[in-house]
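Turn these sequences into a full structure, and let the hints steer you where they fit.
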Amino acid sequence: MDFFPIWLSLRVALSATALTLLTGVPIAWVLARKRFLGRNALEAVVVLPLVLPPTVLGYYLLVAIGYRGPVGRALASIGLELAFTPGAAVLAACVGSIALVIKSAQAGFESVDAQLEQAARTLGRSEWSVFWSVTLPLAWRSVLAGTVLAFCRALGEFGITLMVAGNIPGRTQTLPLAIYDRVQANQMGEANALALVAVGIVVVLLFGLSRLARLRY
Amino acid sequence: MRHSLSLGLALVCGFALGAGSTGAADPAPLTVFAASDLTFAFKEIAPHFEKATGARVTLVFGSTGNFAHQIRQGGPADVFFAADQSFVDALIAEGVALRETRTLYAQGRIVLVTARAFGAKLTELRGLLDPRVRHIAIANPAHAPYGRAAEQALRKAGLWEALRPKLVFGENIRHALQFVQTGAVEAGIVARSVTDVPEVDWVPIDAAMHAPLDQAAVVVRRSARPELGLAFIQFVNGPEGRPIMKRYGFLLPGEF
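So the sequences go chain by chain: A and B.
Residues in the first sequence are numbered from 1 upward in steps of one, following the working numbering.
Residues in the second sequence are numbered from 218 upward in steps of one, following the working numbering.
I should point out that these hints are in silico values taken from the structure, not numbers from a laboratory.
Just so you know, nobody snuck in bad clues.
Where chain A lies over chain B, by a calculated footprint (3+ residues, C-beta under 8 Å):
| id | segment |
| --- | --- |
| 1 | 247-258 |
| 2 | 276-283 |
| 3 | 291-297 |
Positions of the beta carbon are idealized from the N, C-alpha and C atoms, including for glycine.
Pasting the structure below:
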């Protein structure tokens, strides 16, 4: 069996989850705590990737990051090519999954009593410190739940990846693409084995996380 | 809490950065974007080409329309084998593919397939009217060349309107055939080149029933090794490629 897609998918999904956490949690916090012009528009944009069909989204993304697209040209000027690389697969997984982190974390932050944060501020804590010592510890379960969903979505991402990263064996063929490819080639045995691996990864992950959650509280 | 979270995040980020640096050092193989009707034939031909030239070949199978979009945006194909020549001509007109490498490499054939699970084997298109045939799979005629040919054949046979309520569209012919392979759909019209699977029986459909499925290949302008790409196109139509293509039911240059 070809192990490359498994390895690639694990790396892509982990990278994407890290990136969605880094960008999604601040966005979620802003949406939960700030009132500003265009906030509703931002909320809509955030869930857009869940609404648009993945291949359509992938097509738009490809037009943007392709070597003739605006982002693609900007990247090319600093010597980077993103489309059809593993990096594009990471981008695809991020776009497909970030809404899950944002919406979960936002709900978590909104459920934190603002008076507790206010109390921390009166005790001289900075905003940064309030977030780390009050808001996040109270909302971490929501953030974790969103992160798990995002990781699973990233691991299973298909449509966007197919468009922006291609389905290139040994380079950008992730686990879902490899399964699809085997089915197309009528190699059902290998397709089933790879599907089983995908399920196995998620089962192990969820088991591990529930253990972790129990250890903490 | 805060420290363990930051530590976890840092660990994952380290992994993320590592992921970005893979694959770059690989000596680039010849990348072939090929229409999905070529899946079985090309999986046989590619190893012969690798042996003959010493080059490595990466085969990517998918929808001709998708590939055309990707090649426009810099998709890393060296050669593009389309299921329909119009896509190749569009890329040439846009300056993305090399006109002098354009080659008609095959003509596709469509066949009538019946699921073995159905019991009886259909031998003519009229058999699709049988009420026991509840669904008929074809590739989506809106964008799949073989789907268009299937529609033309059904129209020419005067069956299109009558059969329309039974039609199920696959994204491509492999997808259409899968409907039949699972037994969920009793019959279908797909490419001859993909029907060598145990779950179906097939009979050819007269080529006069549809416009010719002229399939063209072309070398992509951005390819770093256009000669090798052209060599692959010629190999498919050469003494080693021809018998394999023929076995999968393609008509070859000189035969049409």
